[in-house]
Amino acid sequence: MDENPGPDLVVEYQVNVDLWKHDDDLRQQRNHTFLTMNTVLLVALGSLITLGDTLGDKALMAILISIFGLPVCYIWNRVQARNGEYIRFRRYQLRSIEARLPGFSTFGNQHLAMDLHKQIGFEGIAEKFEISKSGAGSSTRLEGFLPGVIAGFWLLILLGGLMIILSGWSGFYSVIIAGRTAWILYG
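The numbering used here puts the first residue of the sequence shown at 24, with every later residue one more than the last.
Hints should not be assumed to be uniformly reliable.
Cross-link-like lysine-lysine pairs, in silico, BS3-like; alpha carbons within 30 Å at most [said to hold, decoys possible]:
no.: 1; residue 1: Lys-156; residue 2: Lys-81
no.: 2; residue 1: Lys-44; residue 2: Lys-151
no.: 3; residue 1: Lys-141; residue 2: Lys-156
no.: 4; residue 1: Lys-44; residue 2: Lys-156
no.: 5; residue 1: Lys-151; residue 2: Lys-141
Think of the hints as simulated: they come from the structure by calculation, not from any bench. Predicted model only: the values in this text are computed from it and were never measured.
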């Protein structure tokens, strides 16, 4: 390790910390944006379904909305995967710089504790940190499942709509509703 790493390495470290924060902020903003987009699609689905007169109309509207929801989730997944790689790259970069800077250990310790599940001691205190079993999974990986879960919802909506249209349930349902209405009105 270089005894005097110089101010350039400290500046590079600070720049990378700032970029790491920026990448994480972008990740959170993008999650919010995609969750909002899916919420808007869900509200549109609910609103449009109430406008449909027959089950077939409702199914068609559900199909159309889900056709938008599925690619939104795919794009969300890809954007999050790419952003996760930026964050992972910054951590490697910061650990590399810390290895050359005496007294800097934040990201190295984070890696040991959070990724390698090692027990970490700290100067000046007797306690040691060890990650709990429930906290040992990657939050980035867990967040990556969310677009897939919501895409699964849109896929179920799409398949349900297609089943209604293709099975003829929409016509059968319309006959039942008409018969029921007539029975109620004319009893």
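Here is how each hint holds up against the structure:
no. : hint                 : result
1   : Lys-156 with Lys-81  : 46 Å, violated
2   : Lys-44 with Lys-151  : 26 Å, holds
3   : Lys-141 with Lys-156 : 12 Å, holds
4   : Lys-44 with Lys-156  : 26 Å, holds
5   : Lys-151 with Lys-141 : 10 Å, holds
In summary, the structure is inconsistent with hint 1 from the numbered list given earlier, while agreeing with all the others.
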